[in-house]
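Asks: Model the placement of chains B and C on the given structure of chain A, informed by the hints.
Protein chains in written order, with the working numbering: chain A, 783 to 941; chain B, 783 to 941; chain C, 783 to 941.
Quick caveat, the hints were computed from the structure, so don't treat them as lab data.
If you're wondering where the values come from, they're calculated on a predicted model, not measured in any experiment.
Quick reminder that beta carbons are idealized off the backbone N, C-alpha and C, glycines included.
Be a bit skeptical, because a hint or two may be false.
[What the hints assert, rightly or not] The following label-pair restraints were derived from C-beta to C-beta distances: (1) E933/C <-> E788/A: 47 to 57 Å; (2) V910/C <-> A799/B: 38 to 48 Å; (3) D838/B <-> G847/C: 49 to 59 Å; (4) Q855/C <-> E788/A: 44 to 54 Å; (5) D894/A <-> A840/B: 18 to 28 Å; (6) D838/A <-> D893/C: 15 to 25 Å; (7) A860/A <-> Q855/C: 38 to 48 Å; (8) T928/B <-> E929/C: 55 to 65 Å; (9) R911/C <-> R911/B: 28 to 38 Å; (10) D856/C <-> A799/B: 27 to 37 Å; (11) P939/A <-> D893/C: 27 to 37 Å.
[Claimed, not checked] A few chain B residues that don't get close to chain A, going by computed Cβ distances all over 10 Å: (12) G820; (13) E831; (14) D836; (15) A840; (16) G847; (17) M852; (18) E933.
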Amino acid sequence: MDDVDERIGALEARLRAVEDELALYRLMTSYGPAADSGDGVKASEIWTEDGVYDSDGAGELEGRGAIVEMLSQDGHQAMVPGCAHMNTPAVIDLDGDRATAVGYSQVWRTDDGTHRVFRLAANRWEFVRTELGWRVVRRTNRRLDTEPAREILHSTPRQ
Amino acid sequence: MDDVDERIGALEARLRAVEDELALYRLMTSYGPAADSGDGVKASEIWTEDGVYDSDGAGELEGRGAIVEMLSQDGHQAMVPGCAHMNTPAVIDLDGDRATAVGYSQVWRTDDGTHRVFRLAANRWEFVRTELGWRVVRRTNRRLDTEPAREILHSTPRQ
Amino acid sequence: MDDVDERIGALEARLRAVEDELALYRLMTSYGPAADSGDGVKASEIWTEDGVYDSDGAGELEGRGAIVEMLSQDGHQAMVPGCAHMNTPAVIDLDGDRATAVGYSQVWRTDDGTHRVFRLAANRWEFVRTELGWRVVRRTNRRLDTEPAREILHSTPRQ
Chain A
783 MDDVDERIGA
793 LEARLRAVED
803 ELALYRLMTS
813 YGPAADSGDG
823 VKASEIWTED
833 GVYDSDGAGE
843 LEGRGAIVEM
853 LSQDGHQAMV
863 PGCAHMNTPA
873 VIDLDGDRAT
883 AVGYSQVWRT
893 DDGTHRVFRL
903 AANRWEFVRT
913 ELGWRVVRRT
923 NRRLDTEPAR
933 EILHSTPRQ
Chain B
783 MDDVDERIGA
793 LEARLRAVED
803 ELALYRLMTS
813 YGPAADSGDG
823 VKASEIWTED
833 GVYDSDGAGE
843 LEGRGAIVEM
853 LSQDGHQAMV
863 PGCAHMNTPA
873 VIDLDGDRAT
883 AVGYSQVWRT
893 DDGTHRVFRL
903 AANRWEFVRT
913 ELGWRVVRRT
923 NRRLDTEPAR
933 EILHSTPRQ
Chain C
783 MDDVDERIGA
793 LEARLRAVED
803 ELALYRLMTS
813 YGPAADSGDG
823 VKASEIWTED
833 GVYDSDGAGE
843 LEGRGAIVEM
853 LSQDGHQAMV
863 PGCAHMNTPA
873 VIDLDGDRAT
883 AVGYSQVWRT
893 DDGTHRVFRL
903 AANRWEFVRT
913 ELGWRVVRRT
923 NRRLDTEPAR
933 EILHSTPRQ
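Excised from the complex, chain A in its bound form (with noise of 0.2 Å):
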């Protein structure tokens, strides 16, 4: 029985492992849809509680509230109709219950019917894990044009 229960406990830690790979794929992919449809408090949500989002663009927010703050703001609400903070597939790097990821994303406007790229960036992702799921302890967001967003995704991992 020693054997058997080896074998289950390995795939167990692995299965746990791919989980929790889909489960930060989901995460991330999430914040733009909440963020699209103006709800500040539900995009905020994919942070901890003091969780940090770093942005050359928004400026750095500590906390969920300041989080809820920027997008409640006359700026934000007013790009929501037609607006799309959309990422492309993220490199994840996972350390039991911690983990990074390095993506690009982008944000569409609409204005009078057209839409246009507004920024692209790009993005490191600190995640920890919770008793309620993977959170975001920090995001860090700079512009593709910047030196800072070169050296974000150069730290991405080797495959």
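Replies: Here is chains B and C on its own, set in the frame of chain A:
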């Protein structure tokens, strides 16, 4: 042995959910290449026989035949060279033999060598497990700058 | 015990397939950040030593050395600040120690603070499992408004 049976049974159920999520990603992702290579029949086969593609662009298409017809029309076929129906990752919500997903779509066209975005939309997908694998029961597609798009995005489940 | 052995063996095989699919996603996704941070060596290492990057943009590059050379050229390096090689999700087809994938790529540039799409293409990836993990044997990249792009898209397997 009871404990071993239980642990193996739990692994089988969890693994099936993971396989389902990956199969649903592939299913959604395979629409674009079929539509953009002009193969309307293949594109329609991601739906069930009587599945619905309800789009405020192309209209409410009921059943594979209607989807094939739309993709065979001059307007679509004229777009095909240089056309791309791209999806960004979607948030999948599994529930046994049913599932839903919410995500964004981008349609690009190329005219005289210039790429331009043609349509950005919010998508809600409803799936059913069939003997042949997962199929789309209904895909609702709404242009991003409309209230129904906002409702689709708002329906994304919390993670 | 035979039944337990069999069930565990089946789980191990299915789980390996799921891990393979996620590893292939990460491999494809890691090309962009390496290329866009100007690290040609890292970008080339997603291929096998003699892997081929066959692009109607950059030419048919045989072996990592040729890929590094292309990414080191003035033309590419001049693009790097504000450049993004983004992929949308791809349809992966696993077959033991080999795999293929079909997907779209977007190359963006940023000039004088303005983002614009530079090239949209269809991609066919061929992979092999090596001792170091999955690597690309051949990536074929064709501009979207060409017949070869349509053939790549047409090769996507039914789901």
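Asks: Of the numbered hints stated earlier in the document, which are not met by this structure?
Replies: Per hint list: 2, 8, 10, 18 violated.
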